Each structure stands twice: as structure tokens, then as C-alpha cells.
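J.: As a plain string of letters, each chain reads:
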Amino acid sequence: MNQSVPTSAEITILVVDDHASVLSGTVNILQQQYPNAEIFTAQTAEDAQAQVHQQKLDLVVLDLSIPEKLRDQAQISTGIQLLRTMMQEHAALNIVVQSAHVKSLIRLKPAINTHEGGFTIADKSLSMQEMLTKVDWALQGLMFTPKEMRTGLEVKPEWLEVLNFAFLEGLQDRAIAESMNISERTVRNYWTKVQDALGVYPEEGINMRIQTEIRAREEGLID
Amino acid sequence: MEPCRDQFIAILRVFSFYHKPTQRAIQWWFHQQTKQTFELGELIREGLLQETFSLRRQLEFLQAQQAEESSTRFIKQELQELEQIYRQLEQVADQLAPFYLEHRWPLAIKQAMQRLGRDGKGLQISLVLPVNWDYQPPQQDQLFLKFLAELLMMAASKDPDSSLIELKLENRQMIKVKINYRNLATRKVVSDSEEIRHLRLAFNFLTKGKINQQVCKSQVIYSLSW
Numbered sequence: 001m002n003q004s005v006p007t008s009a010e011i012t013i014l015v016v017d018d019h020a021s022v023l024s025g026t027v028n029i030l031q032q033q034y035p036n037a038e039i040f041t042a043q044t045a046e047d048a049q050a051q052v053h054q055q056k057l058d059l060v061v062l063d064l065s066i067p068e069k070l071r072d073q074a075q076i077s078t079g080i081q082l083l084r085t086m087m088q089e090h091a092a093l094n095i096v097v098q099s100a101h102v103k104s105l106i107r108l109k110p111a112i113n114t115h116e117g118g119f120t121i122a123d124k125s126l127s128m129q130e131m132l133t134k135v136d137w138a139l140q141g142l143m144f145t146p147k148e149m150r151t152g153l154e155v156k157p158e159w160l161e162v163l164n165f166a167f168l169e170g171l172q173d174r175a176i177a178e179s180m181n182i183s184e185r186t187v188r189n190y191w192t193k194v195q196d197a198l199g200v201y202p203e204e205g206i207n208m209r210i211q212t213e214i215r216a217r218e219e220g221l222i223d
Numbered sequence: 001m002e003p004c005r006d007q008f009i010a011i012l013r014v015f016s017f018y019h020k021p022t023q024r025a026i027q028w029w030f031h032q033q034t035k036q037t038f039e040l041g042e043l044i045r046e047g048l049l050q051e052t053f054s055l056r057r058q059l060e061f062l063q064a065q066q067a068e069e070s071s072t073r074f075i076k077q078e079l080q081e082l083e084q085i086y087r088q089l090e091q092v093a094d095q096l097a098p099f100y101l102e103h104r105w106p107l108a109i110k111q112a113m114q115r116l117g118r119d120g121k122g123l124q125i126s127l128v129l130p131v132n133w134d135y136q137p138p139q140q141d142q143l144f145l146k147f148l149a150e151l152l153m154m155a156a157s158k159d160p161d162s163s164l165i166e167l168k169l170e171n172r173q174m175i176k177v178k179i180n181y182r183n184l185a186t187r188k189v190v191s192d193s194e195e196i197r198h199l200r201l202a203f204n205f206l207t208k209g210k211i212n213q214q215v216c217k218s219q220v221i222y223s224l225s226w
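As given, the protein sequences belong to chains W and P, one line each in that order. Position 45 of the first sequence, counted from 1, bears residue number 45 in the working numbering, the numbering being contiguous throughout. Position 167 of the second sequence, counted from 1, bears residue number 167 in the working numbering, the numbering being contiguous throughout.
Warning: the hint list may mix true and false statements.
What the hints assert, rightly or not - Partial list, derived from the structure: chain P residues whose beta carbon lies under 8 Å from chain W:
(1) Phe38
(2) Ala67
(3) Glu68
(4) Glu69
(5) Lys176
(6) Lys178
Said to hold, decoys possible - Here are the simulated DSS-like pairs of lysine-lysine, each with C-alpha atoms no more than 25 Å apart in a straight line:
(7) Lys146(P) with Lys110(P)
(8) Lys109(W) with Lys188(P)
(9) Lys158(P) with Lys208(P)
(10) Lys146(P) with Lys147(W)
(11) Lys156(W) with Lys110(P)
(12) Lys158(P) with Lys110(P)
(13) Lys178(P) with Lys158(P)
(14) Lys20(P) with Lys208(P)
(15) Lys110(P) with Lys147(W)
(16) Lys168(P) with Lys188(P)
(17) Lys158(P) with Lys176(P)
(18) Lys109(W) with Lys208(P)
(19) Lys208(P) with Lys147(W)
Please keep in mind that the hints were generated in silico from the structure rather than gathered at the bench. None of these values were measured; they are calculated from a predicted model. In this text, a Cβ means the ideal position worked out from N, Cα and C, and glycines have one as well.
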């Protein structure tokens with residue numbers, strides 16, 4: 001069962017955005033939600049990358065349209081490249097992409113699908129509360145990508161295997177990991193991917209595994 | 001009617017042959033216009049959308065600090081209006097600079113079709129699009145999307161309630177649009193219309209592509225290839 005990260009948690013967050021007003025607005029809200037959090041900021045890709053290396057971060061909140069260096073022009077490709085590098089070098093890092101350009105992430109879909117940390121997308125049209133939910137999900141290690149980034153159900157064979165082992169053979173994560181010859185952590189990671197594909201997210205009073213089974217049967221992924 | 005149309009097309013082909021430089025110049029001009037439109041969309045995303053977002057966060061932060069009910073009610077109202085503005089700006093930006101154009105052609109089509117439905121054009125469109133799509137460099141895709149949207153609007157303009165549209169992306173170079181009308185008369189009004197003829201010729205002239213029209217009773221199939 002997934003549980004929200006306590007607001008009293010002593011977490012370390014990096015917020016990346018080139019607009020000073022957006023940066024301060026986001027920091028204020030995060031600080032209000034997590035009073036014990038240590039929050040760093042960066043306005044360029046260069047600075048963000050340096051801080052990701054220096055700090056032991058629990059979460060990065062990243063805008064995609066950012067400049068490489070100060071006085072450079074903000075470009076989506078710069079944010080996309082930074083994100084790609086971060087995911088390659090810090091596979092377990094939790095990331096929230098907060099941007100008005102979230103649809104551009106389609107070109108990173110394969111990398112997002114293999115990322116091991118939490119990964120959520122918060123379009124800048126979201127309300128503060130919705131954005132904080134995406135932050136919480138990323139801190140829990142979950143994945144969320146908007147529906148409009150797909151033309152249909154996109155499920156990888158290894159995610160299907162997890163569903164089959166769990167719901168047809170009744171195996172628990174550890175046994176699934178042994179059967180698939182992968183780590184238990186990877187199994188948990190596959191759960192978040194398939195749940196995102198099926199549109200199953202944390203909700204009060206809802207058991208996510210049962211909900212996943214129902215949705216998987218509805219979609220014909222398991223008999 | 002048909003021989004007359006064939007004659008017209010033949011004349012246009014002869015015209016095009018002898019006016020290649022003019023055709024190229026017009027194609028170039030359209031390309032420039034499309035580029036400018038795209039940049040305008042990006043400008044909205046980078047400027048107005050960011051400003052609206054920042055304003056919204058400030059108001060939300062203020063709302064969380066306010067204890068007075070009248071103040072929070074006022075802020076809530078302002079937030080709703082701001083959200084509306086954000087959505088509208090986002091739609092304009094998406095229309096001017098479709099996001100998926102460079103990366104996922106099927107998603108670009110899906111987005112454009114959703115927009116047609118959302119704008120209250122009365123279109124019922126069923127889409128058959130591939131899930132996986134390899135990256136390919138964009139060429140005249142934005143211009144092509146405009147033609148596709150125009151064709152669908154024309155197809156439904158005479159009788160929006162009765163037309164059921166099936167759109168299938170065959171491959172990167174071909175889309176089939178199948179339209180079933182309630183009766184033969186409506187189908188004829190649309191498929192024989194001057195607008196459709198103009199559209200087919202303009203498509204050919206500007207994209208070097210072709211729109212084939214196949215009619216069978218109350219059904220018409222348009223194959224757009226380029």
C-alpha cells in the first residue's frame with residue numbers, strides 16, 4: 001500500500017525554473033507543505049546539474065524550458081537534455097516535471113519508462129493542491145504521465161509478466177522478483193509503470209493492487 | 001460534371017508544369033508563415049503562460065494565508081478566472097504550435113481532432129492510430145494538419161449530425177478518412193462541392209500531395225497522400 005510522505009519529513013528538494021517569480025511561488029508552496037524541507041533553487045541547467053551532484057536530493061522539481069547558462073536563451077531542448085542526464089546518472093532520483101511544455105516529454109518516453117525513481121508530470125495548469133499531490137506521488141516513487149501523451153494502452157512485456165505472476169499465480173513481489181530474476185525494487189518499479197499505463201493512482205480508501213487487477217482485466221491484459 | 005472537372009485538373013497540371021517557380025515561391029511563403037505561427041505559439045508558452053502561472057501561485061499562496069471568508073471567496077473567484085485564461089492561452093498556443101508534430105505524428109492528429117470536437121464543430125470522429133511511432137523529422141506536417149482539419153469541417157458542414165467519420169492513419173504518408181452520410185443527397189452536396197474541389201487542388205499545389213475521393217452511395221472515402 002502506498003502512503004503519503006509525512007509533511008514533517010526532513011527532505012531535500014531542488015527547484016529548477018528560469019522565471020524568478022515562478023521559482024519563488026513554487027518554493028513558497030513547497031515550504032508551506034513541508035516546513036522541515038531544505039529547498040535549493042537553480043535557474044540554469046548548468047547550476048541544476050552541479051547541485052544534483054553536490055546535494056543528496058530527495059526530489060527535483062524541474063521546468064523544461066530553461067537556459068544552459070545565465071544570459072543564454074531558455075530552450076526546451078536544454079531542459080530535456082538535463083532531464084535525460086539526470087535520469088541516466090541518478091536512476092533512483094525522484095523527479096517532478098513542472099512545465100508548460102510537458103507534452104515535449106514524449107521524446108523521453110523510453111527513458112521515463114526505465115527510470116527507477118518516482119516520476120510525475122505536473123502541467124503548469126494544475127492547481128497548487130494538484131501539484132502538491134504530484135510531488136507526494138513522486139516522493140513515494142510513483143509514476144504519473146498525462147493520458148494525452150498516449151494513443152492507446154502502452155504496456156511493456158515485463159510489466160505484463162508482473163501482472164500475470166501476481167494475479168494469475170498469486171505471487172508476492174519477492175517471489176515475482178525471483179521468478180523474473182530481477183530485484184524486488186525493480187518489481188515495485190514495474191508496478192508503478194503498469195499502474196500509470198492503466199490510470200491507477202493513489203486515492204483514499206482505494207487498494208491500488210486490487211484496482212490494478214480490475215483495470216488490467218477490463219483492458220484484457222489478464223484473463 | 002465529371003469530364004468537366006477532369007479537364008479543369010488537366011489544365012491546372014499544365015499550368016503547374018509551366019509555373020513551377022511560382023509554385024515553389026508560394027510553397028516557400030507558406031512554409032515561412034507556418035514557421036512564424038509556430039514561433040508565436042512558443043512565445044505564448046514562454047511569456048503569457050508563465051506569467052499567468054506565477055500569478056496563480058501567488059494568489060493560491062495568499063488564499064492559504066487568509067482567514068477572512070470574504071477574502072478567500074474573492075481569491076477563489078479570481079483563481080477560477082485565471083484558470084480559464086490559462087486554458088484558453090494554452091489552447092491557442094497548442095493550435096499555433098502543435099506539440100507532438102515533431103515527435104509523435106499520431107498524437108498531433110489526435111490533438112487536432114480533439115480540438116475540432118471541443119470547438120463545438122459537431123464532429124463525431126473515430127480514430128485508428130498506431131500506439132508506437134518512430135521518430136521521423138517533420139516536413140510539411142503542420143500544413144497537412146490544417147488541410148485535414150479543413151476537410152473534416154467541410155465534410156460535416158452540410159449536415160453535422162448525420163456524418164460519422166472514421167479516420168485511419170495508414171502510414172506516415174497516407175491517411176484515410178471515411179465519412180458515412182445519412183443519405184445520398186447530403187453526400188452529393190459535400191463531395192460535389194466547389195470547396196472540396198478547391199481544397200483538393202490547393203493540397204496538390206502546396207504539398208505536392210494528393211487527395212483521392214472515392215464515392216459509394218452515401219459514403220465517401222478521402223485518401224490523403226503526400
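J.: Taking the hints in turn, state whether each one holds.
T.: Hints, verified against the model:
1. Phe38: violated (13 Å)
2. Ala67: Ala67(P) check fails; min Cβ-Cβ to chain W is 15 Å, beyond 8 Å.
3. Glu68: violated (19 Å)
4. Glu69: Violated. Min distance 19 Å.
5. Lys176: violated (17 Å)
6. Lys178: Violated, because the Cβ-Cβ distance from Lys178(P) to chain W comes to roughly 19 Å (cut-off 8 Å).
7. Lys146(P) with Lys110(P): Measuring from Cα to Cα gives roughly 13 Å; hence the hint holds.
8. Lys109(W) with Lys188(P): violated (45 Å)
9. Lys158(P) with Lys208(P): Violated. Lys158(P) to Lys208(P) sits at ~28 Å, over the 25 Å cutoff.
10. Lys146(P) with Lys147(W): holds (24 Å)
11. Lys156(W) with Lys110(P): holds (22 Å)
12. Lys158(P) with Lys110(P): Within the cut-off at roughly 23 Å; holds.
13. Lys178(P) with Lys158(P): holds (16 Å)
14. Lys20(P) with Lys208(P): Given that 25 Å is the threshold and the Cα spacing comes to 11 Å, the pair holds.
15. Lys110(P) with Lys147(W): Holds. Lys110(P) to Lys147(W) sits at ~12 Å (cutoff 25 Å).
16. Lys168(P) with Lys188(P): holds (23 Å)
17. Lys158(P) with Lys176(P): With a Cα-Cα distance of about 20 Å, the restraint between Lys158(P) and Lys176(P) holds, given a limit of 25 Å.
18. Lys109(W) with Lys208(P): Status violated; Cα separation ~33 Å.
19. Lys208(P) with Lys147(W): Answer violated: Lys208(P) to Lys147(W) is near 35 Å, above 25 Å.
Of the numbered hints given earlier, the model fails hints 1, 2, 3, 4, 5, 6, 8, 9, 18 and 19; all others are met.
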